[in-house]
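Okay, so the sequence shown: first residue is 0 according to numbering that gives the first Met the number 0, each after it adds one.
Don't take each hint at face value.
Stated by the list, open to error - Once the Cα atoms are required to be at most 27 Å apart in a straight line, the calculated DSS-like pairs of lysine-lysine come out as: (1) LYS73 / LYS86; (2) LYS12 / LYS92; (3) LYS74 / LYS61; (4) LYS74 / LYS37; (5) LYS92 / LYS37; (6) LYS70 / LYS37; (7) LYS12 / LYS74; (8) LYS61 / LYS86; (9) LYS61 / LYS73; (10) LYS86 / LYS37; (11) LYS12 / LYS37; (12) LYS70 / LYS86; (13) LYS61 / LYS92; (14) LYS92 / LYS73; (15) LYS86 / LYS74; (16) LYS73 / LYS37.
Treat the hints as calculated values from the structure; they're not laboratory data.
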Amino acid sequence: MSQQTEHVLQQFKDCIPLLEVLTDENRQAIIMLLAQNKLGLNVNTISGHMNLSRPAVSHHLKVLKQSGYIKAEKKGVENYYVLTVRKPLEQLKSLITSVEYACNLSDDPKT
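Whole structure, please, built from the sequences with the hints as guidance.
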């Protein structure tokens, strides 16, 4: 197996947790809700926009935070959740670029 193939396979492995997070429709909805509210939202506000309990929303926020899609900012006694997708998206884009290059779909290897 070539080094390039091994590198791409490792990128796939590294992206599995990022992709698994996105398979849940509730987490997708939270990401889109936060994308529309750049200053962030607290758990109660997010719960109010969704058909989920506060504990369920908290669980999804924890998963999104652990994967790097969001961060929590303390404002007073509340945590406000803000979208921070740059690092996960860069990792996914790098995987796509590597696969395109490996499949001769692109002339620009960014690996």
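Against the structure, the hints:
no., hint, in the structure
1, LYS73 / LYS86, "holds, 21 Å"
2, LYS12 / LYS92, "holds, 14 Å"
3, LYS74 / LYS61, "holds, 18 Å"
4, LYS74 / LYS37, "holds, 15 Å"
5, LYS92 / LYS37, "holds, 23 Å"
6, LYS70 / LYS37, "holds, 12 Å"
7, LYS12 / LYS74, "violated, 36 Å"
8, LYS61 / LYS86, "holds, 17 Å"
9, LYS61 / LYS73, "holds, 15 Å"
10, LYS86 / LYS37, "holds, 17 Å"
11, LYS12 / LYS37, "violated, 31 Å"
12, LYS70 / LYS86, "holds, 12 Å"
13, LYS61 / LYS92, "holds, 24 Å"
14, LYS92 / LYS73, "violated, 30 Å"
15, LYS86 / LYS74, "holds, 24 Å"
16, LYS73 / LYS37, "holds, 15 Å"
Consistency with the previously given hints fails for numbers 7, 11, 14, ordered from lowest to highest.
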